[in-house]
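In order, the protein sequence lines correspond to chains X and H.
In terms of our numbering, the first sequence is residues 1 to 264.
In terms of our numbering, the second sequence is residues 265 to 514.
One or more of the hints may lead you astray.
Said to hold, decoys possible - Calculated lysine to aspartate or glutamate pairs in the DMTMM-like style (CA-CA distance at most 25 Å, straight line):
1. K398(H) <-> E83(X)
2. K473(H) <-> E463(H)
3. K280(H) <-> E171(X)
Derived from the structure by calculation, the hints contain no laboratory data.
Since this is a predicted model, take the numbers as computed values, not measurements.
Residue-level listing of the chains:
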Amino acid sequence: MPSLRRIGAMVLRYWYLLRSSWPRLLELIYWPAVQMLTWGFLQLYLAQNAGFFARAGGTFIGAVLLWDILFRGQLGFSISFLEEMWARNLANLMISPLRPIEFIAALMIMSIVRLVIGMVPVTLLALGFFAFNIYALGLVLAAFFVNLILTSWAIGIVVSAIVLRNGLGAESIAWTIMFLLLPLACVYYPVTTLPQVLQIVAWTLPPTYVFEGMRAMLIDRVFRVDLMIDALALNAVLLVAATAAFIALLRSARRNGALLQTGE
Amino acid sequence: MNEPAVSVDRLVKIYKTGTAVAGISFALAPGSIVGLLGGNGAGKTTTIAMILGLITPTSGSVRVLGWEMPRQRYRVLDRMNFESPYVDMPMRLTVRQNLTVFGRLYGVEGLGDRIAAVSAEFDLTDLLDRQTGKLSAGQKTRVAVAKALLNHPDILLLDEPTASLDPDTADWVRGRLEAYRLERGATVLLASHNMAEVERLCDRVIIMKKGRIEDDAPPQTLLARYGRSTLEEVFLDVARGRREADEAAQ
Chain X
1 MPSLRRIGAM
11 VLRYWYLLRS
21 SWPRLLELIY
31 WPAVQMLTWG
41 FLQLYLAQNA
51 GFFARAGGTF
61 IGAVLLWDIL
71 FRGQLGFSIS
81 FLEEMWARNL
91 ANLMISPLRP
101 IEFIAALMIM
111 SIVRLVIGMV
121 PVTLLALGFF
131 AFNIYALGLV
141 LAAFFVNLIL
151 TSWAIGIVVS
161 AIVLRNGLGA
171 ESIAWTIMFL
181 LLPLACVYYP
191 VTTLPQVLQI
201 VAWTLPPTYV
211 FEGMRAMLID
221 RVFRVDLMID
231 ALALNAVLLV
241 AATAAFIALL
251 RSARRNGALL
261 QTGE
Chain H
265 MNEPAVSVDR
275 LVKIYKTGTA
285 VAGISFALAP
295 GSIVGLLGGN
305 GAGKTTTIAM
315 ILGLITPTSG
325 SVRVLGWEMP
335 RQRYRVLDRM
345 NFESPYVDMP
355 MRLTVRQNLT
365 VFGRLYGVEG
375 LGDRIAAVSA
385 EFDLTDLLDR
395 QTGKLSAGQK
405 TRVAVAKALL
415 NHPDILLLDE
425 PTASLDPDTA
435 DWVRGRLEAY
445 RLERGATVLL
455 ASHNMAEVER
465 LCDRVIIMKK
475 GRIEDDAPPQ
485 TLLARYGRST
495 LEEVFLDVAR
505 GRREADEAAQ
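Extracted from the complex, chain X is given alone in its bound form:
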């Protein structure tokens, strides 16, 4: 039975770490802010010079903000896990009564905490600079958020399992894996832009449904519930597969002695 006390202990551990280091806190806001401002000003320029972009106000900024939920959500999950590897603390955790599912739950909570710290100021900047209020999407934003965060957790779980099994030599996967989704999930353009073969691949990725849904909302003012339900179903499959992979790789790490040697 998962214990809230142990999950709380792990969340506390990451919170202590986060608040002990202002560069860590600043970094959470820095990149999303730079990205949002760059794309926001680009969109402003295009809107002044092209009719379509004038009508499709906010699609770039919206895409940047939603992409950051996906990217930072995974990074928040994976970095909290990597902190244990960097601190050589994993063996201490693995010999404690902490269950893998509790560990994963704590990492999920921390990904949200880090996301909130990083994204809330950036969404307020978007409002100030570009009059783009993502919160005006209301429940639609909640549907987008839930689907994106579920995907980010599934990928974060897989990345953590790979690092657990293979050591810090595999750390770069945590930083780069999400960029594979950037072209395929059609963050900045419709799925129809892709060649036919890649469109099939794109529709296997839950974020594709979210970004298509966002464009439908911002351009056509239509909330595509069907897209959100499809994304949710795919996310459920992805999360189950990711958890199974985590447990399998954890077992493999126990067989190979990788839990004691957590270096490269």
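Assemble chain H onto chain X, guided by the hints.
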């Protein structure tokens, strides 16, 4: 007769690179303190890791307080603990924060009082609000031992607990460990390269070499058996195979 606190039966661990543990068996009586000696690569750390459930054996079995490891580890992990200089605690957290996190993970009752007690015992009270990473090696070891005793473990596994400590601090830590064992009736398995430490603390010594148990007896018996006056000499005899050579010569 009491059931052993730890029971290891024909334990084998084979990695792709070779055999780390080659079919060892031993049992630890409740309340005993047993030294695990051996050179580098003898299989001590792998043995301890299998007892902790950190490594799955290739074959054989480990039972801790009657529960099979690693399959039934969650039945017993809250009654065990471990300390090793090769496993760190989060460096950016203060000593108090680290003890708080681990205390909560282990479900320690009255955690504030318990932290105050172990801090007083290990002379950490003035260090509680300092970052663990900024402590000296000796202070870090005291924090790690305090963490290992935080949950009043019935089974304590120590992998070279006094490595990197100056002789005075090492002696002091040994005294604390001995006192804890006597006070709580805990079972302690101590892997060490420090023969004086083993001689002082342990009522039985298991000597490993190349994944096998070469000898297993109380220190005085070993000294008599090898005709030596210190455990260090016994260890060197085993490490260099002198006993086998003498027996072969006779």
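For each hint, the structure was consulted:
| no. | hint | in the structure |
| --- | --- | --- |
| 1 | K398(H) <-> E83(X) | holds (18 Å) |
| 2 | K473(H) <-> E463(H) | holds (19 Å) |
| 3 | K280(H) <-> E171(X) | holds (23 Å) |
Checked against the numbered hints above, the structure breaks none of them.
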